[in-house]
Amino acid sequence: MLELFVSTFITFFVVIDPLGCAPIYGGLTAGATSAQRRSMAIRAVVVSALIIFTFALFGEQLLHGLGISLDSFKIAGGIMLFVIALEMVFEKRTQRREDRAQKIMDTPEVEDVSIFPMAMPMIAGPGSIASVMLLMSQNHGIEASIVILSAIGVILLLTLGALMAAGPIMRLMGAKIEAVITRLLGVLLSAFATQFVIDGLRASFF
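One rule links them: number in this note's numbering = place in the sequence shown (from 1) + 1.
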């Protein structure tokens, strides 16, 4: 179970990218007070947790209702995660997040960024939803489910901490260090994504 916890932790650390979300959140809430930033950070993480846990517990039933096999979802989810990994390696994901954040900042009437874009799609985005459904489908039993959800909970707490400490993190890391970490995590995520596709193809044809 320790191996499952570690693999889940790494997967969601890469997909959610708490350190990558922090500078974006810091830019989006530049004009807010400390209390407002803290409140929006908590709201964003709570909403994200509800979305991710809902798909973790009921995503399989949703697939069955739509007539989609788990193997097909593994292949599709793996490809989706691989695209995210490529964007991380070539820094396209960071650029897209910054462009989205700039659009929000350019719209003065939008003040609360906790739901959009922080909760969705930055934290509980397609990658997070696909990952949790893939992991839950591959690991059955109450004990495995608890381990997966616990690892996700730890990542969400780390994300909350990163959002609240966005300012100091931005000053500490710097753009170059963040770019190196993002690329390394992208390579790791590509390996996870490839394994998802291989498992789906193997189950479908063999």
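What the hints contain is simulated information worked out from the structure, not anything from laboratory work. Misleading hints may appear alongside valid ones.
[As the list claims (entries may be wrong)] The calculated label-pair distances, taken between Cβ atoms and stated as ranges, are:
hint, residue 1, residue 2, range
1, G66, S35, 39 to 49 Å
2, G142, G66, 18 to 28 Å
3, Q37, A77, 19 to 29 Å
4, L185, Q139, 19 to 29 Å
5, M2, A204, 14 to 24 Å
6, I147, I199, 38 to 48 Å
7, R39, H141, 20 to 30 Å
8, A33, H65, 40 to 50 Å
We put the beta carbon where it would ideally sit given N, CA and C, even for glycine.
Tell me, which hint numbers fail for this structure? 3, 6, 7
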